[in-house]
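Please take these sequences and the hints and turn them into a complete structure.
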Amino acid sequence: MDTAQDTIQQTETKSEPSKQVGGFKGTGSQVLLNGLIEEGVSTIFGYPGGAIMPIYDALYDYADKLEHILVRHEQGGIHAAQGFARTSGKVGVCFATSGPGATNLVTGLADAQIDSTPLVCITGQVYAHLLGTDAFQETDVINITTPVTKWNYQVTDANEIQEVLAKAFYIAKSGRPGPVLIDITKNAQLQIEEFPEYVKCNHIRSYRPKPKVRVEYIEQAAALINAAKKPFVLFGQGVVLGTAEEEFKTFIEKTGIPAAWTIMGESAIPTSHPLNVGMLGMHGNYGPNVLTNECDVLIAIGMRFDDRVTGRLDKYAKQAKVIHLDIDPAEIDKNVKADVGVWGDCKETLPLLTNLVDAKKHEEWLAKFRDYNQQEIDQVITPELYPESDEMTMGEVLRNINEICGGDAIIVTDVGQHQMVACRYAKFNNSRSNITSGGLGTMGFGLPAAIGAKYGAPDKTVIAIIGDGGFQMTPQELGTIMQFGVAVKILILNNRFLGMVRQWQQLFHDKRYSFVNITSPDFVALAKAYYIEADKVDERANLRKALETMINHEGSYLLEVMVGRENNVFPMVPQGMSVSEIRLK
Amino acid sequence: MSTENTIQHTIDKADLEGKQEYTITVYAENRIGLLNRIAIIFSKRKINIESLNTSPSEIDGIHRFNIVIHESYEVLRKLARQIEKQIEVLKVYFNTNEEIIWQELALYKVSTDEIAEKVTVERLLRQYGASAVVIRKDYTVFAVTGHREETDALVKALEPYELIEFVRSARVAIIKDSAGFHEKLKEFEAFEPGEELVENEFLDKGEKIFTM
Chain A
1 MDTAQDTIQQ
11 TETKSEPSKQ
21 VGGFKGTGSQ
31 VLLNGLIEEG
41 VSTIFGYPGG
51 AIMPIYDALY
61 DYADKLEHIL
71 VRHEQGGIHA
81 AQGFARTSGK
91 VGVCFATSGP
101 GATNLVTGLA
111 DAQIDSTPLV
121 CITGQVYAHL
131 LGTDAFQETD
141 VINITTPVTK
151 WNYQVTDANE
161 IQEVLAKAFY
171 IAKSGRPGPV
181 LIDITKNAQL
191 QIEEFPEYVK
201 CNHIRSYRPK
211 PKVRVEYIEQ
221 AAALINAAKK
231 PFVLFGQGVV
241 LGTAEEEFKT
251 FIEKTGIPAA
261 WTIMGESAIP
271 TSHPLNVGML
281 GMHGNYGPNV
291 LTNECDVLIA
301 IGMRFDDRVT
311 GRLDKYAKQA
321 KVIHLDIDPA
331 EIDKNVKADV
341 GVWGDCKETL
351 PLLTNLVDAK
361 KHEEWLAKFR
371 DYNQQEIDQV
381 ITPELYPESD
391 EMTMGEVLRN
401 INEICGGDAI
411 IVTDVGQHQM
421 VACRYAKFNN
431 SRSNITSGGL
441 GTMGFGLPAA
451 IGAKYGAPDK
461 TVIAIIGDGG
471 FQMTPQELGT
481 IMQFGVAVKI
491 LILNNRFLGM
501 VRQWQQLFHD
511 KRYSFVNITS
521 PDFVALAKAY
531 YIEADKVDER
541 ANLRKALETM
551 INHEGSYLLE
561 VMVGRENNVF
571 PMVPQGMSVS
581 EIRLK
Chain B
1 MSTENTIQHT
11 IDKADLEGKQ
21 EYTITVYAEN
31 RIGLLNRIAI
41 IFSKRKINIE
51 SLNTSPSEID
61 GIHRFNIVIH
71 ESYEVLRKLA
81 RQIEKQIEVL
91 KVYFNTNEEI
101 IWQELALYKV
111 STDEIAEKVT
121 VERLLRQYGA
131 SAVVIRKDYT
141 VFAVTGHREE
151 TDALVKALEP
161 YELIEFVRSA
171 RVAIIKDSAG
181 FHEKLKEFEA
191 FEPGEELVEN
201 EFLDKGEKIF
211 TM
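From first to last, the protein sequence lines are chains A and B.
Quick note on numbering: my numbering labels position 8 of the first sequence as 8, and the sequence is numbered without any gaps.
Quick note on numbering: my numbering labels position 146 of the second sequence as 146, and the sequence is numbered without any gaps.
Hints in this document: simulated from the structure, not taken from any laboratory.
Treat the numbers as computed from the prediction; the structure is a model and nothing was measured.
We put the beta carbon where it would ideally sit given N, CA and C, even for glycine.
Careful, some of the hints might be misleading.
Stated by the list, open to error - Residues from chain A shown here face chain B by an in silico Cβ test under 8 Å; the list is partial:
{"#": "1", "residue": "ASN143"}
{"#": "2", "residue": "LYS334"}
{"#": "3", "residue": "LYS511"}
{"#": "4", "residue": "LYS528"}
Said to hold, decoys possible - These stretches of chain B come out as covered by chain A in the derived footprint (C-beta under 8 Å, 3 or more residues):
{"#": "5", "stretch": "37 to 51"}
{"#": "6", "stretch": "69 to 83"}
{"#": "7", "stretch": "88 to 96"}
{"#": "8", "stretch": "180 to 191"}
Quick look at the structure:
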């Protein structure tokens with residue numbers, strides 16, 4: 001397309017879109033926004049810029065249908081979209097401009113890719129005729145984002161927009177969900193065409209999101225489970241993504257099998273469920289880790305045996321027969337060899353399996369979990385939740401939140417010690433309540449993700465628990481909270497260290513505290529600069545009241561709690577060790 | 001797809017441990033950027049691609065990649081699944097050299113004087129199955145089609161006689177035990193997946209494995 005034509009089209013953009021019978025005449029930008037509405041989108045997190053201006057110009061007229069949240073940085077935008085997707089179960093949408101706008105999305109894309117979060121990201125791109133000329137704000141976004149997207153596509157002609165958008169939503173949310181990026185050149189955004197009616201996508205010939213379940217595998221799995229004396233269930237986010245929480249509960253209740261979670265699967269069943277035996281992995285609970293190497297049948301459901309869960313692989317559950325249920329066939333046999341792999345959507349496979357398994361109770365086996373739990377309570381949990389020293393612990397802050405909210409709040413975390421403490425001790429009654437950056441461990445995730453989480457679940461109390469380090473990675477999103485009055489509760493657990501790295505330096509690097517000593521601004525003053533109510537607590541006597549004030553406050557609120565400087569998160573499976581070599585101190 | 005069409009993996013126990021040469025055949029949509037998506041699956045794991053060829057397939061609009069790598073069976077299987085996971089990839093096969101018919105084309109440019117003086121062209125042509133593509137006063141270009149050992153052998157033979165230029169193409173391979181992709185494509189185009197598409201080795205461990 002030549003420049004003269006672009007100019008003509010730019011002036012034509014001003015004309016009102018006219019509705020055709022069935023179809024629509026207008027710009028590529030308008031047809032994109034119409035498509036978003038057709039896909040049920042109501043909230044967009046974004047940031048404008050040169051190459052996406054035609055879309056923003058069109059958005060001006062869609063204010064009644066599409067709510068646009070102006071973030072303060074594109075990374076904040078994509079993390080907010082992630083938070084939105086995680087609490088709402090819908091596809092998160094974000095907009096960014098070309099060049100730096102698009103590259104700022106990369107961390108969020110990588111995070112969403114590894115944590116299977118459905119996103120559709122729209123980036124503007126320079127005019128098609130400028131591609132490859134190193135034009136202003138041109139970057140090769142498609143190639144930069146290829147390893148961190150489930151699918152991506154560059155649109156250079158407006159006539160592609162509808163089909164590509166429909167495919168994007170279908171790909172993002174079906175099968176194993178993931179992020180999709182559509183890069184749209186400016187000329188395509190401006191191009192005026194007569195567009196047909198929007199048609200949603202439900203089939204791509206080269207893409208099979210889920211297979212027809214083969215009953216043979218279910219039968220084999222059931223036979224193993226029925227013969228098991230010490231079966232053990234591990235569950236991950238797959239249960240949540242497959243909206244199979246009920247099916248999962250029915251399965252474990254019928255079989256009486258103890259179930260432990262990865263941090264991504266945490267809130268799939270209530271914390272208080274009698275068969276919920278706790279957290280897996282490096283900072284998980286004592287029993288689930290030790291007994292992984294004692295069970296006779298290991299049933300992994302919607303989880304991917306991350307190295308933080310398995311520890312040393314050649315000493316992981318070697319004695320057990322492994323059954324692995326997953327929607328992504330590339331996960332089966334990837335890290336842990338499955339004796340029976342059940343490829344399919346657990347929403348379908350779990351009921352089939354439940355039908356074939358015997359109703360049982362594994363009292364003796366469950367008692368073992370309780371024994372280990374008691375040891376952990378005595379040696380780790382009680383001192384963490386009810387500390388005797390004057391210094392406050394992160395655990396006691398969590399205990400107070402549990403007591404105030406009763407497990408109904410959505411807890412969004414950042415990454416580090418506070419994240420592990422929050423996952424270990426927070427109580428959850430409802431699914432989609434634990435929002436955390438699991439696979440990628442993205443510091444700076446917490447604050448923007450909490451914004452999105454609140455939009456995804458507006459009736460819930462959303463508490464963002466963040467360390468003093470992570471908060472300083474994306475504090476600019478306080479501006480978004482201010483401008484849009486997002487009622488999130490921000491809880492900074494300040495230990496004046498990059499605590500998790502410091503813990504490793506203490507344990508494995510002879511206490512050589514190399515660059516973990518981080519100083520902080522006056523967080524209360526910072527919040528107040530953004531007109532956000534704030535308070536700081538440095539002694540236990542004021543903690544409960546301050547937390548109650550924060551949670552009961554109408555709008556957004558920031559509370560900084562000073563906790564012990566050199567507290568460690570235990571138990572811990574040191575890197576490279578077996579899960580059964582977990583340390584209590 | 002019936003079992004006659006499935007490609008049998010004849011790998012013995014020793015192969016399971018060690019690395020060997022595998023040829024991966026990928027059926028995919030012809031889409032810009034897909035080559036990069038596939039290539040980074042290898043580079044992410046620091047695996048070198050020995051040879052890569054993209055070409056049309058027996059079906060109009062469907063592309064066929066041949067990728068040769070030297071790896072263990074376990075790694076191959078994981079790679080194949082990662083490739084097949086890409087949205088625009090229809091199907092991935094991987095085969096040992098015994099299971100395929102394969103060819104590479106090599107071209108050799110040598111000085112006509114040298115070759116006329118020092119070797120018998122006729123002998124070269126006969127011994128290496130070479131053909132003379134161009135014969136000029138200053139140089140001659142030979143072509144050999146065959147396996148790596150064959151094309152390599154001629155490089156060695158020509159080394160003493162001033163090999164001016166040498167180039168070898170990527171491998172192209174036909175799977176011996178394949179009935180092509182026509183029937184399979186129909187299943188892919190159907191809305192409900194057929195049995196073939198849900199086949200996987202989790203149940204049929206052993207002889208019928210050729211892909212996920």
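Taking the hints in turn, this is what the structure says about them:
At a threshold of 8 Å, the smallest CB-CB gap from A/ASN143 to chain B is about 6 Å, leaving the interface hint in force. Interface restraint check: A/LYS334 against chain B, minimum CB-CB distance 6 Å, threshold 8 Å, status holds. About 34 Å separates the beta-carbon of A/LYS511 from the nearest beta-carbon of chain B, more than 8 Å, and the hint is not met. The beta carbon of A/LYS528 is not positioned within 8 Å of any beta carbon in chain B (closest approach about 46 Å), and the interface hint is therefore violated.
Taking a C-beta to C-beta cut-off of 8 Å, the stretch 37 to 51 of chain B contributes 3 residues in contact with chain A, enough for the three needed, and the coverage statement holds. Three residues within the 8 Å Cβ limit are the bar, and the stretch 69 to 83 of chain B against chain A gives 4, so the coverage statement holds. Evaluation of the coverage hint for the stretch 88 to 96 of chain B: fulfilled, as 3 residues show C-beta separations to chain A shorter than 8 Å, against a requirement of three. Interface restraint, the stretch 180 to 191 of chain B with chain A: holds (4 residues with C-beta to C-beta distance below 8 Å; minimum three).
Hint violations for this structure: numbers 3, 4, all remaining hints satisfied.
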